[in-house]
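**Q** Chain by chain, the residues:
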Amino acid sequence: MDQYQVKRILKSTATHAFLLSVALTCLFPIFWMVRSALMTNETVFIDKSLIPASLQFGNFYTAWLEGNFGVYFLNSVLYTTAVVIGIVLISSLAAYSFSRLQFPGKNIFFYMFVAAMMIPLPGSFVPLYVLMNNLHLVNTRFGYILCMINVGLSLSILLLKTFFDKMPQDLENAARIDGCSKLGLWWHVALPLARPAIAVIVIFNSLNVWNEYILATLLLNDKSLMPLQRGLMVFQGAHSVDYPLLMAGLTIAAAPILLVYLFMQKHIIKGLSSGAVITLDKRTKYF
Amino acid sequence: MSAITSKIFNAAYAKDKFENFLFIVPAVLIFSIFYIYPFFDIFNLSLHEWNGIDLSREFVGLQNFQELIHDKVWWMSLWHAAFITIIALTLQNALAFALALACDREIRMKRFYMVVFFIPPVLSEVVVGLIWQWILNAGMQNGEHIGLLNYWLAKSGLPQLVHNWLSDPATALPCIAIVHSWKGFGWGFIMLLAGLRIIDRELYEAAKVDGAGSLSIFKNVTLPMMVPVIFVVVVLTILGSMQVFVLILSMVGHGLVYHTEVPVTRILVSMSETNRFGYACAQGVTFGVILVMVSVVLKQISNRMKQE
Numbered sequence: 002m003d004q005y006q007v008k009r010i011l012k013s014t015a016t017h018a019f020l021l022s023v024a025l026t027c028l029f030p031i032f033w034m035v036r037s038a039l040m041t042n043e044t045v046f047i048d049k050s051l052i053p054a055s056l057q058f059g060n061f062y063t064a065w066l067e068g069n070f071g072v073y074f075l076n077s078v079l080y081t082t083a084v085v086i087g088i089v090l091i092s093s094l095a096a097y098s099f100s101r102l103q104f105p106g107k108n109i110f111f112y113m114f115v116a117a118m119m120i121p122l123p124g125s126f127v128p129l130y131v132l133m134n135n136l137h138l139v140n141t142r143f144g145y146i147l148c149m150i151n152v153g154l155s156l157s158i159l160l161l162k163t164f165f166d167k168m169p170q171d172l173e174n175a176a177r178i179d180g181c182s183k184l185g186l187w188w189h190v191a192l193p194l195a196r197p198a199i200a201v202i203v204i205f206n207s208l209n210v211w212n213e214y215i216l217a218t219l220l221l222n223d224k225s226l227m228p229l230q231r232g233l234m235v236f237q238g239a240h241s242v243d244y245p246l247l248m249a250g251l252t253i254a255a256a257p258i259l260l261v262y263l264f265m266q267k268h269i270i271k272g273l274s275s276g277a278v279i280t281l282d283k284r285t286k287y288f
Numbered sequence: 004m005s006a007i008t009s010k011i012f013n014a015a016y017a018k019d020k021f022e023n024f025l026f027i028v029p030a031v032l033i034f035s036i037f038y039i040y041p042f043f044d045i046f047n048l049s050l051h052e053w054n055g056i057d058l059s060r061e062f063v064g065l066q067n068f069q070e071l072i073h074d075k076v077w078w079m080s081l082w083h084a085a086f087i088t089i090i091a092l093t094l095q096n097a098l099a100f101a102l103a104l105a106c107d108r109e110i111r112m113k114r115f116y117m118v119v120f121f122i123p124p125v126l127s128e129v130v131v132g133l134i135w136q137w138i139l140n141a142g143m144q145n146g147e148h149i150g151l152l153n154y155w156l157a158k159s160g161l162p163q164l165v166h167n168w169l170s171d172p173a174t175a176l177p178c179i180a181i182v183h184s185w186k187g188f189g190w191g192f193i194m195l196l197a198g199l200r201i202i203d204r205e206l207y208e209a210a211k212v213d214g215a216g217s218l219s220i221f222k223n224v225t226l227p228m229m230v231p232v233i234f235v236v237v238v239l240t241i242l243g244s245m246q247v248f249v250l251i252l253s254m255v256g257h258g259l260v261y262h263t264e265v266p267v268t269r270i271l272v273s274m275s276e277t278n279r280f281g282y283a284c285a286q287g288v289t290f291g292v293i294l295v296m297v298s299v300v301l302k303q304i305s306n307r308m309k310q311e
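Residue numbers (our numbering), protein chains in the order written: chain A, 2 to 288; chain B, 4 to 311.
These aren't lab readings, by the way, just hints derived from the structure by calculation.
Among these hints, one or two may not hold up.
What the hints assert, rightly or not - With a straight-line cut-off of 20 Å between C-alpha atoms, the simulated SDA-like cross-links for lysine to any residue are: (1) Lys107/A / Pro29/B; (2) Lys158/B / Ile47/A; (3) Lys224/A / Asn140/A; (4) Lys8/A / Arg108/B; (5) Lys107/A / Tyr16/B; (6) Lys309/B / Asn223/B; (7) Lys167/A / Arg196/A; (8) Lys183/A / Lys20/B; (9) Lys302/B / Ala117/A; (10) Lys113/B / Ala15/A; (11) Lys113/B / Thr16/A; (12) Lys211/B / Leu199/B; (13) Lys224/A / Ala117/A; (14) Lys12/A / Arg279/B; (15) Lys75/B / Val272/B; (16) Lys113/B / Leu25/A; (17) Lys49/A / Ser159/B; (18) Lys18/B / Leu102/A; (19) Lys267/A / His262/B; (20) Lys302/B / Met118/A; (21) Lys211/B / Gln6/A; (22) Lys302/B / Pro227/B; (23) Lys107/A / Ala15/B; (24) Lys113/B / Thr14/A; (25) Lys75/B / Arg279/B; (26) Lys271/A / Leu199/B; (27) Lys8/A / Gly214/B; (28) Lys267/A / Val118/B; (29) Lys183/A / Asp171/A; (30) Lys183/A / Lys302/B; (31) Lys183/A / Leu102/A.
To be verified - Distance windows between CB atoms, simulated: (32) Val76/B / Tyr112/A: 31 to 41 Å; (33) Met265/A / Arg108/B: 24 to 34 Å; (34) Leu136/A / Tyr16/B: 31 to 41 Å; (35) Ile215/A / Tyr261/B: 17 to 27 Å; (36) Leu94/B / Phe32/A: 22 to 32 Å; (37) Phe32/A / Ile89/B: 23 to 33 Å; (38) Phe32/A / Ala209/B: 19 to 29 Å; (39) Gly238/A / Arg307/B: 47 to 57 Å.
We put the beta carbon where it would ideally sit given N, CA and C, even for glycine.
For reference, chain B alone in the conformation it holds in the complex (with noise of 0.2 Å):
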């Protein structure tokens, strides 16, 4: 008797883990085809020479690598994505931490601040380039310019700052960077001062009382208070700015080529121009350990910051 009960237990038992099991199964069906396949494909794909459109792929081992190894456009690539990304570190950063600090407290006209800093983050970056591209044209039509950054130049009495902003590859890298953080300040901008927001005022008042002046204050209690928040700022930063690619593409095309690829552009020529997937793989590879790399030095140095 007891055997049958427990039988028929079982089986109601295992119906139940079944039915909790079905509410993640559409979850784990489209993650499965559409990240968890790619995932390990990326991998099969870069051992091999393959131009995306034959039945055969030969395989190659290790050669794409070695060959990446040796390709002088990627390393430059990637110095271009780490110069856009020191950019937006200290300039992007800075920007935001001081608007973030001027906001921290009752200033008329704060929400209006919050409102507008964050513009440029809700835009998409096709909009962002090409308005930019706009401003910063370097066209001439009928003796005039046709950008308004080198009209406003020339009208001001300061012909000699105008420039091919976009065309010449000693301007057109400073100019994407530039242009990147104004876009992205507004995200670092938001979260720092949530980060500041939390901060306990009266730590601000005994400091006070103990005869600490502005300076000191920000030193000795904003900093300190900040890091965690200032740490998660950094790593979305350089992880976003190293995989920038849309607004390059928008601003100035392929039309600099070499001088304005970053890795992610480096792995659409690949791709789409020279019809080498399994070359654009294994940049991708690369380019995903070298990312994956900095976050475990980042989350090091984190911790060991928490611990002093």
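Same shape as in the complex, but just chain A (with noise of 0.2 Å):
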């Protein structure tokens, strides 16, 4: 082995140490949720080995059932799926018009949506919930699930434009020629084509529903109408000493996100980063 390769070899392995030690600072912390959710309320302050001796897994069976997690987790299920069908439809059926078809005002519309997405009001959310007391709102999923549609909707019309203005028209021309209909147009040629689009759309969104905090604080009280999120600060402060129950209870909230996550890291990698840099780049485009 000459000095060269010495050399490299040292390289490499530093390196590597350092990667592998903040990999293990990102799943440590999950591994240990995890761990202490298979825990009783009696081993789990005493026992700290990596493995414990016994493992509980009742405390899943619990947290579903008399933590309520059931209720949160079908409710969160809810929320994503309608949130995210309504989206797509929605912002594709609006990115669509912006991008093939003419009307008076196209412009000011677009900017209308593009605007919103560059101006921060981090209030904004006192003004919404008067609305919605006000509207008759306030603990509905109805009412939330609109408000969370127009929380992902600038975005993702941004992002389907972007990918219509790009896509080829032939396709569309040769449909419009055989007599289809706008309508059809939209449904039957464009919106298979912009399937990797449509893709970054639902992974971006479902994260951010999944994950939503605040506007399920404000908006819902009733305990059958909460998502996971809201469930999970309510289940904290009502019993914050249980701890393995609420680690169930994370266990439960961070699972599917996780899963999903896993399977498709390739995608969400990829639809999250285009996500956020579209949302820069228009941010910086429009200024």
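Take the two lone chains and join them into the complex the hints point to.
**A** Right, dumping it as structure tokens:
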């Protein structure tokens, strides 16, 4: 082995040591959460071994039924599904029109959506709550779903319009000659072709809705309507000392996201970073 | 005859345009009701004194803003957010950049690292906050530390470092800032790595042929090429960190009054605890204006850098 090789091996060892240690700090807290969820209230404060002597799966059962996490979980699934479907339909309709069709005032409407993404308004949940109260939509699933659709709308329209603008129009022209209506062109031609962009929108918004906390807190007071994030905080307030049960609840809230992420990591990493880049690209472009 | 055809044509034309417009109606409707109306209403409400329940609101002009200028807790909360942002800008982004540089070459397990570094960003702030609150717990039971960090410190011969991490005002905010950075560095990593990959490899080769060392290559090739991406990451970090609050609620709740408050938690307190909706809106407007000003300044800086 010459000097150059030794140097290279040393360098690669140091790089991996650095990367591995950071990776470990990412994984360990999640491991600790699952581990603590598998203990009882008596052993969790005493036994700090990495793999405890006896594993209890009963906490998941208790959290799901008595901790109300079954209800929270189903609510989260319902909200995420409804909001994402709503966003995909509404934003793709609008983006298709912005990209392909002509009507007066088109640019004004488009820039309205762009502007919404550039102006941070951190306290907007106050007037939103007042509005929802006046509309009697507080404590309704419908009201929360509408609000969350609005949250994801601007970015999704921008992403899809950017995609439609680049998409070749040959297929649409052919379909139009065959007598396809505008709505038919959107549904049968544009939407299937835009699948990669729609995947990004689905990923971005699913994560956003599943992890949303503040609107769920302000708008939903009824336990039967709460999604997981809100339920977790309620549960923590009521059982702050029952850590194994709380950790079981956290695991229930985190597991679906982690599983979906691990199975689709390639698309998710690509989708989330392209979503973030486009947000910022537009932010800097239109200032 | 031609008048009739043009009329028919015009009617068809108008119908066509109207149909095109119909495509955006659902989006515009939802957006107008749930974004534009609250957007203007926040300015309106900020000029009123209102408890959120009464039918009548008292118009007080700029009184809420005048009060806010003298609100010490408010300015302290802004400083707390700035502190978290400074930690995120330095610690989090330096770590992200170092990791991205390490991954921007042929190394084994690159995919594994990418996937793992992006796990904290996909978790919710509530989950992250509650896990870390459990690890940093400072309680004792039967002479043993409940929280893992204190337990390890005590066991590894560093009992003097055992601490009330989240209930001591001196350490609570730094702990929050570090957990926030832990949750966020994956974003910076992914975006910086994407930026590094775009850099033309031939630039590196050319620099090497010219006899440049790796530090010199980093300074003269990598860094200048990365300015736009770094700018993007910096803006995202600032806007994200200034508005952090769910993490704080899940880590310390409202337990450490005044020591871990940030602007958004102040707005929440004004709204749901002291029932002063007008004041909450004045806080929201002020904070929004500050954030817009920060982004404008950053934009100016990046423009100047581009010109050079």
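**Q** The structure should be examined with respect to each hint, and the outcome stated for every one.
**A** We went through each hint and held it up to the structure:
Between Lys107/A and Pro29/B the CA atoms are separated by roughly 15 Å; this keeps the pair inside 20 Å, and the hint holds. A distance of roughly 13 Å separates the Cα atoms of Lys158/B and Ile47/A; the hinted pair therefore holds under the 20 Å criterion. Only pairs whose Cα atoms come within 20 Å are accepted, and Lys224/A paired with Asn140/A is accepted, the gap being roughly 10 Å. Under the criterion of a C-alpha separation no larger than 20 Å, the hint pairing Lys8/A with Arg108/B is consistent with the structure, at around 16 Å.
For the given pair, Lys107/A sits about 16 Å from Tyr16/B by alpha-carbon distance, which is consistent with the 20 Å threshold. Restraint check for Lys309/B and Asn223/B: the C-alpha separation of about 16 Å stays at or below 20 Å, so the hint holds. Our distance criterion of 20 Å between C-alpha atoms is met by Lys167/A and Arg196/A, whose separation comes to about 14 Å. Among the hinted pairs, Lys183/A with Lys20/B is consistent with the structure: their alpha-carbon atoms are about 12 Å apart, no more than 20 Å.
At most 20 Å may separate the alpha-carbon atoms for a hinted pair to count; Lys302/B and Ala117/A meet this at roughly 18 Å. Using a Cα cut-off of 20 Å, the hinted pair Lys113/B and Ala15/A holds, with the two alpha carbons roughly 15 Å apart. For a cut-off of 20 Å, the pair hint linking Lys113/B to Thr16/A stands: about 11 Å separates their Cα positions. Between the alpha carbons of Lys211/B and Leu199/B the distance comes to roughly 17 Å, so the proposed pair stays at or under 20 Å and holds.
Among the hinted pairs, Lys224/A with Ala117/A is inconsistent with the structure: their alpha-carbon atoms are about 32 Å apart, more than 20 Å. Taking the CA atoms of Lys12/A and Arg279/B, the gap is near 59 Å; set against the 20 Å cutoff, the hint is violated. Only pairs whose Cα atoms come within 20 Å are accepted, and Lys75/B paired with Val272/B is accepted, the gap being roughly 15 Å. Restraint check: the Cα-Cα separation between Lys113/B and Leu25/A comes to about 15 Å, which is no more than 20 Å; the hinted pair holds.
Only pairs whose Cα atoms come within 20 Å are accepted, and Lys49/A paired with Ser159/B is accepted, the gap being roughly 13 Å. About 13 Å separates the Cα atoms of Lys18/B and Leu102/A, which keeps this hinted pair within 20 Å; it holds. For the suggested pair Lys267/A and His262/B, the alpha carbons sit about 41 Å apart, so the restraint of at most 20 Å is broken. As the CA atoms of Lys302/B and Met118/A are separated by approximately 16 Å, the hinted pair is consistent with the 20 Å bound.
At roughly 18 Å between alpha-carbon atoms, Lys211/B and Gln6/A fall within 20 Å of each other, so this suggested pair holds. Using a Cα cut-off of 20 Å, the hinted pair Lys302/B and Pro227/B holds, with the two alpha carbons roughly 17 Å apart. Of the supplied pair hints, the one linking Lys107/A and Ala15/B holds, its CA atoms being roughly 19 Å apart against a limit of 20 Å. The suggested pairing of Lys113/B with Thr14/A holds, with an alpha-carbon distance near 14 Å, which does not exceed 20 Å.
A hinted pair counts as satisfied when its Cα atoms are at most 20 Å apart, and Lys75/B with Arg279/B qualifies at roughly 17 Å. Distance hint between Lys271/A and Leu199/B is fulfilled; the C-alpha atoms sit about 15 Å from each other, no more than 20 Å. For the given pair, Lys8/A sits about 18 Å from Gly214/B by alpha-carbon distance, which is consistent with the 20 Å threshold. Pair hint Lys267/A plus Val118/B holds up; C-alpha atoms about 8 Å apart against a cutoff of 20 Å.
With a CA separation close to 15 Å, the supplied pair Lys183/A and Asp171/A stays within the 20 Å bound. Between the alpha carbons of Lys183/A and Lys302/B the distance comes to roughly 40 Å, so the proposed pair goes past 20 Å and is violated. A C-alpha spacing of about 9 Å is found between Lys183/A and Leu102/A, which places the hinted pair at or below 20 Å, so the restraint holds. Between Val76/B and Tyr112/A, the C-beta spacing of about 38 Å keeps the proposed range 31 to 41 Å intact.
At about 26 Å, the CB distance of Met265/A to Arg108/B agrees with the hint of 24 to 34 Å. Separated by about 37 Å at the C-beta atoms, Leu136/A and Tyr16/B satisfy the suggested range of 31 to 41 Å. Separation of Ile215/A from Tyr261/B is about 21 Å and conforms to the stated range, judged on CB atoms against 17 to 27 Å. In this structure, Leu94/B and Phe32/A meet the distance hint of 22 to 32 Å, their C-beta atoms being roughly 23 Å apart.
Taking 23 to 33 Å as the suggested C-beta distance range, the pair Phe32/A and Ile89/B conforms, at roughly 30 Å. Phe32/A and Ala209/B have their C-beta atoms about 45 Å apart, which leaves the hinted 19 to 29 Å range violated. A beta carbon spacing of about 49 Å between Gly238/A and Arg307/B agrees with the range 47 to 57 Å that was offered as a hint.
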